[in-house]
Amino acid sequence: MIRTFAIRCFVVCCTLSLVFGTASASAHSSTGSTQKNQISWPASQALPSFASVKHLDVADVLDAPGDIRLLLATLQGIVNRAEPRIYLLENEEEGKLTWLKDLRVPYVLHDDVWTIVKKYKNELKGLIIYDPEIPDSINVATTLAGLKDAVVVSPELAVKLQAAPYKLKVVQDLRGKFKDRLDAYTWQYEHLWDKTTQRMLVGLSPNVSIKIPAGLPESFVTIAQETDPVRDASNKAAYDLDLTSFLGKEAVYLRFDDAFTQDGWGSAVHEVIMKADGKTIAQFIPGTPEEEAFLYDRQDSQVSAGDGGHRFADNGRYFVYKFTPPAGTRELTATVHMWNQYKVSAGNIQPLSSEQKEPYGYLRDYAVANKAMVFWLEVNDPKQRALFEKIMADVKPGTPYLGWFSNDVEGEFSSVEVASNHSVYVLAADWFSNLTVFSGTKIQPSRTKSSPQPKLNNKIYVTYTFSEGDNFQYNQHRMRILWDDPARGEVPINWTSSPLLYDAAPAILNYYGQTASANDLIIAGPSGAGYFYPAAWPESTFADYLKQSYKYMQKSGMELTYALNRIDGQNVPLGSSYAKAYERYYKAPGLFLSWEDRFGVEILDNSLPVSTIQGISTVQEGLQILERAKADWDGKSPLFVSIGLLAWSLTPSDVAEITAALGPEFEAVRGDHYFSLIREAYGLPVKP
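Residues in the sequence shown are numbered from 870 upward in steps of one, following this note's numbering.
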């Protein structure tokens, strides 16, 4: 999203010595598999529970080729279905062994991943070979793997695994079966959908970019850079760049990055004109067919129609053009129409490109274990959207969609809206590791730390809320890094998280609950137990879903909710009927709403305080907003300001820095105290 708890009473919380749940022998799938299934999934439970963990075989696949990671992830799903026994080290963001050590169970780290394949090969029925020419066949193969107790392999690995000592047979070979993405998913829907679980949907990209080392590539040198954090295009101009020093090899590469990666206003390029000895050899505007001939690596950059068309790269994103000057060129120059926080570098040694793709594992273990159908459909394409909606229409209201969507932010907004239209909520989880292990852990209730309620005075009350709580993988990765910041606890902070960790990863919920300070308040991320847009959700099913969702709010100890509400990609007001539903079924004392360039408090129906969050991405931005709030404040009554913290660029240390710079007119408070003060200031009953 732009994609958990100290409160005032007894709540469900956790222990660092993680206690594991008992297994249930009930199978949830009707596929007729003979493999023992120890997954328990009662009708009242949002997500399944796995058997308890006794011992783990650990494989480090962080730097393994994509097809190896895919093999191990699908093997993990089959093996862990009966009992979690395989754990994969796929991510080092929060520390490669961090969560594994917190599990406090015996494990063996295998130097050779093939020893794990040998150990568990007898639990497999064979191999599913995907078609490298049709990447989406990887997803179809993943679905088949769950149904047929087989692993997904590349053609090269299939040769190895058919030979001794593995001697696995080919169950299905998908090479040449599909002509394109839509053909693959249409076949899957027609032939496999009714055999898979109908209780969850899984959306995963079939492949990802190869791992690109951080920093500039070999031979690249920064040749132009904006030194001020310009956001208003005031530096828009045609910049002349001399690339002559990079001549002498086959090609010259021109790369554009964000000079200030923390605030999202990076290089914006409208036109590139390349000249060799004064003669134009390339001229294009981004987003046109002419650009494609020179676009070597688009990475995660985006194209906008604004300003006559431009390509931009914010935060850690970049894009690279490749130019091949005529033989004997003596002078090479570029004129680039660009603006904002540009950073331009050039080189003449071919760098790695994110255009090169490979398979990946992550959530696939969970999809395989639960026999879920895996797909990746673009809702902004009419034909793909039709199939996407057909799948959504087949499931019951309140079904989770785990994974993510294509087409970055545009894909997020439109896809979440379509899912909400069908009463389906989203759990961002496409980079979550070892969910089949974490789903076997168990919550332990205990008393949480409390904090005294501040008295109401004529002050500016500020509450800070970290974004991204709808995101399972954020809970596992980035949030752990932020949580371990030594400044955490110095200032009251609201931490958005997912109440559904209660089912999916109690161990993670345990860690945050047990280690929370009195200044840490864990609240539900957008827009409750799952990411959805209330205004897009049918009113006929909304109340029932909120009732179901509230059970997880209670069990996870989250009393407050941060909601996002969008229609056609735009933030919209919550609306009276949805506000009443939140107040009635969530017992909400107040609601955080949206991510805007403004803050404010509105009392809906003279009953529910709704506080609009103003998002920030830098310390400077936060200080500017609060200084403006002070300048506009009359000092005659309390003012309430809700600041949203972009989790990818800000830390608790940054929040402490902002707060330390404020005058005595300000007081930082937790979200629960914030809404109690609002209710008192507006003469509303203070909820217990």
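Keep in mind the hints are simulated off the structure, nothing from the lab.
All C-beta atoms in this analysis are idealised placements derived from N, C-alpha and C, irrespective of residue type, glycine included.
You may find that some hints are simply not true.
Claimed, not checked - Here are the computed lysine to any residue pairs in the SDA-like style, where the Cα-Cα straight-line distance is at most 20 Å: (1) Lys-1118 / Thr-1202; (2) Lys-970 / Gln-1383; (3) Lys-1424 / Ser-1319; (4) Lys-1105 / Asn-960; (5) Lys-1036 / Lys-1105; (6) Lys-970 / Asn-960; (7) Lys-1420 / Lys-1456.
Claimed, not checked - Simulated restraints on C-beta separations: (8) Thr-1113 / Arg-1254: 46 to 52 Å; (9) Asp-981 / His-1060: 34 to 40 Å; (10) Arg-1497 / His-1060: 41 to 47 Å; (11) Ser-1445 / Glu-1025: 57 to 63 Å; (12) Lys-965 / Asn-1249: 32 to 38 Å.
Tested hints:
no., hint, result
1, Lys-1118 / Thr-1202, "16 Å, holds"
2, Lys-970 / Gln-1383, "16 Å, holds"
3, Lys-1424 / Ser-1319, "18 Å, holds"
4, Lys-1105 / Asn-960, "39 Å, violated"
5, Lys-1036 / Lys-1105, "63 Å, violated"
6, Lys-970 / Asn-960, "14 Å, holds"
7, Lys-1420 / Lys-1456, "11 Å, holds"
8, Thr-1113 / Arg-1254: 46 to 52 Å, "49 Å, holds"
9, Asp-981 / His-1060: 34 to 40 Å, "37 Å, holds"
10, Arg-1497 / His-1060: 41 to 47 Å, "59 Å, violated"
11, Ser-1445 / Glu-1025: 57 to 63 Å, "60 Å, holds"
12, Lys-965 / Asn-1249: 32 to 38 Å, "37 Å, holds"
Hints 4, 5 and 10, counting from the list given before, are not met by this structure.
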